[in-house]
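Residue 197 in this note's numbering sits at position 197 of the sequence shown, and the numbers go up by one each step.
No lab work stands behind these hints, which were simulated from the structure alone.
The C-beta atom is built at its ideal place from N, Cα and C for all residues, glycine as well.
Treat the hints with caution; some may be incorrect.
Unchecked claim - What follows is a list of derived Cβ distance ranges for each label pair: (1) S242 / Y54: 51 to 61 Å; (2) A251 / V132: 42 to 52 Å; (3) S242 / R69: 42 to 52 Å; (4) L239 / D267: 35 to 45 Å; (5) R101 / H171: 38 to 48 Å; (6) R233 / S285: 28 to 38 Å; (7) W229 / W207: 44 to 54 Å; (8) P102 / R233: 25 to 35 Å; (9) V132 / I98: 50 to 60 Å; (10) R233 / V131: 37 to 47 Å; (11) N71 / I98: 16 to 26 Å.
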Amino acid sequence: MFDGKQCAWEGLRRRPGMPPSRKIDRGSGVTGGSMAHHEHTHALTSAKLRTAFYLTLVILGVEVVAGYRANSLALLSDAGHILTDVFALGLAWAAIGISGRPANPRNTFGYRRTAILAALANAATLLIVTVVVAFEAVERLRHPQTVSGGLMAGAAVAAVLVNVYIASELHGHEKSNLNVRAALLHVVGDIAASIAVILSGIAIAVWHVRVLDPLLSLAIAALIAFGAWQILRETLSILMESTPKGVELDAIENGMMEVPGVQGVHDLHVWSLSDGFRLLSAHVSVPEQSLGDTANLLDDVKLLLHRRFHIEHATLEAECVDCSRPRARPILLYPTDAQLTPRARGSGGDADALEHES
């Protein structure tokens with residue numbers, strides 16, 4: 001059926017004896033190996049978020065006690081920022097678990113979008129924290145506080161060490177999970193805030209320079225706001241089902257055209273169900289051939305889409321462009337009065353009395 005053109009799609013064609021783990025599910029376009037990889041990634045990410053959550057609770061307790069004893073509003077403010085980290089990490093941890101639940105008749109794609117909603121909530125929380133920190137920094141510029149710089153710096157050092165460990169554990173997972181990226185941004189923001197507290201504590205203890213604390217806080221607030229905006233923009237893009245960043249529709253269409261037998265592609269749409277989980281729908285023009293050959297051709301297209309463009313779920317509609325079939329008469333959904341027979345125009349007319357013009 002094919003014209004014998006050279007396969008230029010990197011040997012992606014299905015071969016006899018292909019291992020079952022790489023076989024495409026014709027209904028979903030997802031490989032078995034891909035699903036196993038996602039399950040393993042979710043389990044690993046969930047375990048690291050759980051560890052980060054409990055460690056952050058410990059930091060929160062240390063900074064609250066130290067801030068109260070040192071009479072340090074800066075340290076207590078940092079503890080408030082850590083409290084948002086606790087909520088962010090807990091929300092991320094819960095979202096990972098919920099998003100891993102299997103699909104059901106009501107939620108046919110499962111709960112993957114919960115991670116995106118959690119990331120959206122995290123980004124919104126970060127923006128609120130930024131406003132609070134900026135407001136507090138302005139107040140401190142107007143009314144400097146006297147605190148115990150040594151205890152203030154010591155508690156912040158402990159917070160930095162633990163948060164650096166948490167960030168190192170989460171680093172790498174944020175590339176494939178927008179929700180983990182939002183949680184990691186919380187942790188990085190807390191590291192920066194704790195460093196500012198350390199510097200402020202040293203400056204207060206040694207040189208009595210209290211103005212450094214609010215100035216650094218303003219800089220940190222700006223940094224956190226920028227990162228939060230990036231997360232917010234990406235989550236809204238996913239919820240709006242925009243074409244994922246870095247995806248070129250022309251490249252995907254050209255790749256699909258490389259599969260022998262594909263004669264055209266149109267109505268191509270690509271979007272994300274969650275961060276890293278891409279979906280695609282398209283109409284594919286195929287030659288006149290058996291239904292089995294068409295199914296095999298669509299399997300080849302799905303395999304190329306998965307391997308080259310990381311499409312996890314592809315829905316393809318085959319259209320025959322050369323099929324010899326009689327031309328159907330045009331169907332008029334709303335015929336005019338002139339196109340109805342006298343019997344159809346009468347009160348007793350029915351649908352069978354409609355007569356369409358050719």
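Against the structure, the hints:
{"no.": "1", "hint": "S242 / Y54: 51 to 61 Å", "in the structure": "violated (36 Å)"}
{"no.": "2", "hint": "A251 / V132: 42 to 52 Å", "in the structure": "holds (44 Å)"}
{"no.": "3", "hint": "S242 / R69: 42 to 52 Å", "in the structure": "holds (50 Å)"}
{"no.": "4", "hint": "L239 / D267: 35 to 45 Å", "in the structure": "violated (22 Å)"}
{"no.": "5", "hint": "R101 / H171: 38 to 48 Å", "in the structure": "violated (27 Å)"}
{"no.": "6", "hint": "R233 / S285: 28 to 38 Å", "in the structure": "holds (36 Å)"}
{"no.": "7", "hint": "W229 / W207: 44 to 54 Å", "in the structure": "violated (35 Å)"}
{"no.": "8", "hint": "P102 / R233: 25 to 35 Å", "in the structure": "holds (31 Å)"}
{"no.": "9", "hint": "V132 / I98: 50 to 60 Å", "in the structure": "violated (29 Å)"}
{"no.": "10", "hint": "R233 / V131: 37 to 47 Å", "in the structure": "violated (18 Å)"}
{"no.": "11", "hint": "N71 / I98: 16 to 26 Å", "in the structure": "violated (42 Å)"}
Taken one by one, the earlier hints fail for this structure at numbers 1, 4, 5, 7, 9, 10 and 11, listed in ascending order.
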